[in-house]
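Asks: Quick mapping for you: the protein sequence lines, in order, are chains A and B.
Residues in the first sequence are numbered from 1 upward in steps of one, following the UniProt record's numbering.
Residues in the second sequence are numbered from 1 upward in steps of one, following the UniProt record's numbering.
Hints were generated in silico from the structure; no laboratory data involved.
Here the structure is a predicted model, which is why all the values come from computation and not from measurement.
Any given hint could turn out to be false.
Derived contacts from chain A toward chain B, CB cut-off under 10 Å, selection only [as the list claims (entries may be wrong)]: (1) Gln239; (2) Val241; (3) Gly244.
List of simulated lysine to any residue pairs, SDA-like, C-alpha gap at most 20 Å [what the hints assert, rightly or not]: (4) A/Lys137 / B/Gly85; (5) A/Lys139 / A/Asp26; (6) A/Lys139 / B/Gly85; (7) A/Lys127 / B/Ile41; (8) A/Lys127 / A/Asp209.
Between beta-carbon pairs, the in silico distance windows are [said to hold, decoys possible]: (9) A/Glu119 / B/Leu12: 30 to 38 Å; (10) B/Tyr201 / A/Glu256: 51 to 59 Å; (11) B/Gln27 / A/Ala22: 29 to 37 Å; (12) A/Gln225 / B/Trp8: 13 to 21 Å.
The C-beta atom is built at its ideal place from N, Cα and C for all residues, glycine as well.
One letter stands for each residue in the lines below.
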Amino acid sequence: MKKTILLGSMLAASTFASVAQADMLDDIIASGTLRCAVVLDFPPMGMRDASNNPVGFDVDYCNDLAAALGVKAEIVETAFPERIPALMAGRVDVGVASTSDTLERAKTVGFSIPYYAFENAVVGNEKAAMTTWEDMKGKTVGATAGTYEAIWIEGKIKEWGVGEFRPYQTQADVFLALSQGQIDATVATVEVSEANVASGNFPGIMIVDKAPMVPDYVGLFTMRQEYGFINYLDLFVNQQVRTGRYAELYKKWVGEGVPADLTVNGVSR
Amino acid sequence: MFSYTFQWNQALNRLPQMLDGAWVTMQIAVLSMVLGVLFAIMLTGFRLSGNKILSGFATTWIEVARNTPALFQIYMAHFGVASFGLYFSPIASLLIGITFNNAGYLAENFRGALKAIPDTQTRAARSLGMTPIKAFGYVILPQMLRISFLPISNQMVWAVLMTSLGVTVGMNTDLYGVTQDLNALTFRTFELFALAAVIFYVIVKLINFGARLLAARLFRY
């Protein structure tokens, strides 16, 4: 009798142990598919080509990650505000979605080390006749709600005490409003700004100046407690830089020049 | 599998900001209803006028308001008219969009209410020497508003819920806009939106309760 109980409890313990051991990384490998949340409204990081296929830096980055894991990549389009619900509801495994790694957000999700860093530009309507970023003072300035640059400019406007801030839900709406003259200026990543000015979709806009802010470091994100997977993501980001793939993707999607330095001087992570 | 630890205090900490947003939402909803009722009466008058241009205008308004999404109407009030050089601030665009929608639906409610009022009343009023406008204003209109009181309170509920569409035109001071901003800041999506849903629910319950109280007072026989 005692032996049976002992055997039974050992069996139960081993079953539980094996359940507990299968983490997200195991699940991804077992399922054969890596599902990435990508924002496809954020050129050149994520967008759609002429035949409506998802393309861009983030899309390639997801494909690389899937290839490294030896699984198939599945791009799940998510709008900026839907990234976290998609992850929490188990619709995606990882976010490759240009997500700024703020401390506030890191209380909710787990971030990898930065895989990209944006610099921001001030883009103005030509009629607003601005020459430096400080000319935004007193103007109506828009940005994509909740982004790093939106938080920065909203703070600046509060500090100045004049002018108005308007958040829009998508990057496209911000540039539409800017082109129409509803807002005088916006702060957006250099990449997005250059792509939108060059596209000709938004007449009457011009890049005014660089925005004097700390580069916007963005990380991959997944469930906060999935240390195994986060660990893998960290190494993957490191390898992308080490192998030159990071520079290659930069050249492919952003253009000539040197991609942003992903290390911060004087501190290690 | 849904594995997430809820941290309700992260949302509750933001309650004061969200209540400020709820106040703005209420203001927009009330204002859009007051304007909506006025415009709906105007549209009803246009339809009764027998003038082809006026009734055509009213029909077009009602058809567009009732048969296109409210989101489209608000979006047009911001980005659509801006293509013609007419700029409205986010709050004005939202107000215009909801008012437009309210007026369309309310005008239909009023039409139904008019059907419930016998034609003979108009004729009786006219035979007493009232002008058509007086007959409408003194005899028909009060009854019409009374019959459609509950549909009006229903539309008020819609107006409150429609304010959530303001985020698409850059609103960030109403309840939904505030919640969306906080969500982007903290990523506490579930807690914040659950709290916002509760606030919306309470607002709507209060409106329904208030409408019933008001109805009991106004419609005592």
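Asks: Hint by hint, note whether the structure agrees.
Replies: A quick look at each hint next to the structure:
{"no.": "1", "hint": "Gln239", "result": "violated, 27 Å"}
{"no.": "2", "hint": "Val241", "result": "violated, 26 Å"}
{"no.": "3", "hint": "Gly244", "result": "violated, 33 Å"}
{"no.": "4", "hint": "A/Lys137 / B/Gly85", "result": "violated, 24 Å"}
{"no.": "5", "hint": "A/Lys139 / A/Asp26", "result": "violated, 52 Å"}
{"no.": "6", "hint": "A/Lys139 / B/Gly85", "result": "holds, 18 Å"}
{"no.": "7", "hint": "A/Lys127 / B/Ile41", "result": "violated, 42 Å"}
{"no.": "8", "hint": "A/Lys127 / A/Asp209", "result": "holds, 16 Å"}
{"no.": "9", "hint": "A/Glu119 / B/Leu12: 30 to 38 Å", "result": "holds, 37 Å"}
{"no.": "10", "hint": "B/Tyr201 / A/Glu256: 51 to 59 Å", "result": "holds, 55 Å"}
{"no.": "11", "hint": "B/Gln27 / A/Ala22: 29 to 37 Å", "result": "violated, 52 Å"}
{"no.": "12", "hint": "A/Gln225 / B/Trp8: 13 to 21 Å", "result": "holds, 19 Å"}
The earlier numbered hints that this structure contradicts are 1, 2, 3, 4, 5, 7 and 11.
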